[in-house]
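Going down the list, the protein sequences come from chains A and B. Position 273 of the first sequence, counted from 1, bears residue number 273 in my numbering, the numbering being contiguous throughout. Position 34 of the second sequence, counted from 1, bears residue number 336 in my numbering, the numbering being contiguous throughout.
Among the hints, erroneous ones may be present.
Stated by the list, open to error - Computed cross-link-like contacts, EDC-like style, restricted to lysine to aspartate or glutamate with a CA-CA straight-line distance of at most 16 angstroms:
1. B:Lys431 - B:Glu648
2. B:Lys653 - B:Asp530
3. B:Lys653 - B:Glu578
4. B:Lys501 - B:Asp486
5. B:Lys372 - B:Asp356
6. B:Lys501 - B:Asp469
7. A:Lys68 - B:Asp411
8. B:Lys572 - B:Asp459
9. A:Lys68 - B:Asp675
10. A:Lys62 - B:Asp675
11. B:Lys372 - B:Glu338
12. A:Lys62 - B:Asp678
Calculated directly from the structure, the hints in this document are not laboratory data.
Below are the chains, spelled out letter by letter.
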Amino acid sequence: MTGPHPAIQTAPPDAAGRRLARWLHAHAGTQLRLLLAAPLAWMVFVYLGSLAILLLNAFWAKDAFTGKVAPFDWTLDAFAEILGNPVYRTVAARTMGIAILVTLTDALLAFPIAYYMARIASPRKRSVLLIAVVMPLWAAYLVKTYAWRTILQGNGFLSWVLTPFGIPGPGLDELPNAWLVLSYLWLPYMILPIYAGLERIPASMLEASADLGARASVTFRRVVLPLVFPALVAGSIFTFSLSLGDYIVPDLVADAKFIGNVIYDNSGLGNFPVAAAYSLLPVTIMVAYLLVARRLGAFESL
Amino acid sequence: MRRLTIPAVMVTIGLVAAACGTSVPSGALTSLGDGEGELNLVIWDGYAERGEIDEAYDWVTGFEDETGCKVNATPMTDSANGVQLLQSGEYDGGSFSGDATVRLMAAGDVAPVNVDLVPNYEDVFEGLKLKEHNSTDGVPYGIPHGRGPNLLMWNTDAVATDPTSWDPIWEGGADYEGKISIYDSSIFIADAALHLMTKNSDLGITNPYQLNDEQFAAAIDLLEQQRDNGAVYWGLLTDQVQSFEAGDSVVGTTWPYQVSLLQSEDVPVKAVLPDEGTTGWSDTWMIAADAAHPNCMYRWMNHIISPEANAQATVWFGEAAVTQAACDAADEISPGHCEQQHASDETYWEKIWYWTTPQADCNDDEEETTCKDQDDWVSAWTTLRGA
């Protein structure tokens, strides 16, 4: 009896790869961690790490004359400057005010369009409308902003339309211009989540509501709105955060200073401590906003 | 006697060697090598033209062909932005005005220049050599490019009589509600201070860049009035050009470059250096202390003050050339250019307040005075613009 019976086939000796594969299969947790290691490493070290270094600048000192930042020279001067000078509060209030206005405007404009698309339009009309809503996103942000500039400027299109009525055109230094252009830019981002949210409402709900004797307005208020609210919040995340951080539109069409402009101006002047310290403000606002949005169920509706 | 001869000879040799020895400042290039193939510059827009706007004005392509140094030029919005760009370490040098040069020299961001390696330097007007803004302790830190005044510009269709003073943008601003075009930089506070030098001599302002608390507050008040009259601020000169073309601005402060750009577009503008005097700039090419392509930079510095290049550059921008040879060449492109720009008239420049950095010690070592410094100016400007 030497060796195994010929009928018994012995497997060839395992190659290293197969041994590894078998080991990983047996340790599924480790396999998952290894798979995620590379993208997570990029996320943590490259993305979050560089953000952290940037924000660390908020705690460093800067020489007034040479303009150089002294790394690791810890100080709270930048925060003192921001809290001490009322202009930073004014700018923050202005930015948040416009962001809220833009969100409300877009919600009011987007809802009817999304409702029509989701519940009333025939499939063909719906596709056409979807394409129409998404198409502006194909044009670059800057192209659209410059188009609005030519409309709003002193001898621009709007001025040409209003002149016969004796109303002067707005010119490029009116704050409402920023509200107008930002509402235009982010409207598709509000329409799409609301459309998705409305589409998810089963028709049976509305029928049941009617069967129970509710008029259309009551059904809308008591059934549709609560169901679509998370989607509204999801859409508002886009409009609010994008407006909060924007600095190109306020500069180009309104000659106004938003939070982003102050950060940009300070960076351009090499005043990184103040720029970084001020950046912490929109970061904090958005973290708080997202926590509230999550509580309201927006993340399921994105 | 014998015993002293050898030490005496050695001392003599030592002294002679020290005297003829290197007048090359430490940190400067000692000899010119081959070009590195690339050159990254921070410039004022219009300082490195390659014929894209007007084919006749191109002093870059010839340089690239001759030296093999490909030029990449980045325009700055104002001096503080220029300082920040150079400090990023991405550039070999640039053209800086006096309010940037002083800071760069103090911070050690720029290296001294070995003028022996820049043959055209000896032709530069004496009035531009070894000045406070381009040298430290008698060591040259840069090559002068040109100098010019800040001007008052107006649209002749909208402004009835040609102004001769700065009033239209200050007290007279109410007439041009919302159409006043102002340079968007903290350095403009000096222009307000300059206006106060004639309008309110009680304040005792002697230097528009070194202001005490009271003088500074008065200047800011004046600027707030101007803002409330609807001033529109330009950061890039192209913004101002567009604004005048569209009719959104009809009067404002400008550089000679915008005047000629607008006139070439048939926009009816004129400009003047008002009676009260004005602020201005004297620009210098400086080399970064850690320049990656120093040989290319030295070649560029020599090229830009060669007669043809400097003539083209200064006629194009509308500033004064820096050598007599450049003036002669400029007169061929634009007759009378150097006369108009007062290129060799030093008394003219004494009335112009070059941009310089405000300093806490008022840049005055003798007296114990305190002034608002650069950070105060920037902070005040941010407040003015943000409110």
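Here is what the structure says about each hint:
no., hint, in the structure
1, B:Lys431 - B:Glu648, "12 angstroms, holds"
2, B:Lys653 - B:Asp530, "30 angstroms, violated"
3, B:Lys653 - B:Glu578, "9 angstroms, holds"
4, B:Lys501 - B:Asp486, "23 angstroms, violated"
5, B:Lys372 - B:Asp356, "20 angstroms, violated"
6, B:Lys501 - B:Asp469, "10 angstroms, holds"
7, A:Lys68 - B:Asp411, "10 angstroms, holds"
8, B:Lys572 - B:Asp459, "10 angstroms, holds"
9, A:Lys68 - B:Asp675, "15 angstroms, holds"
10, A:Lys62 - B:Asp675, "13 angstroms, holds"
11, B:Lys372 - B:Glu338, "9 angstroms, holds"
12, A:Lys62 - B:Asp678, "13 angstroms, holds"
Checked against the numbered hints given earlier, this structure breaks hints 2, 4, 5; the rest are met.
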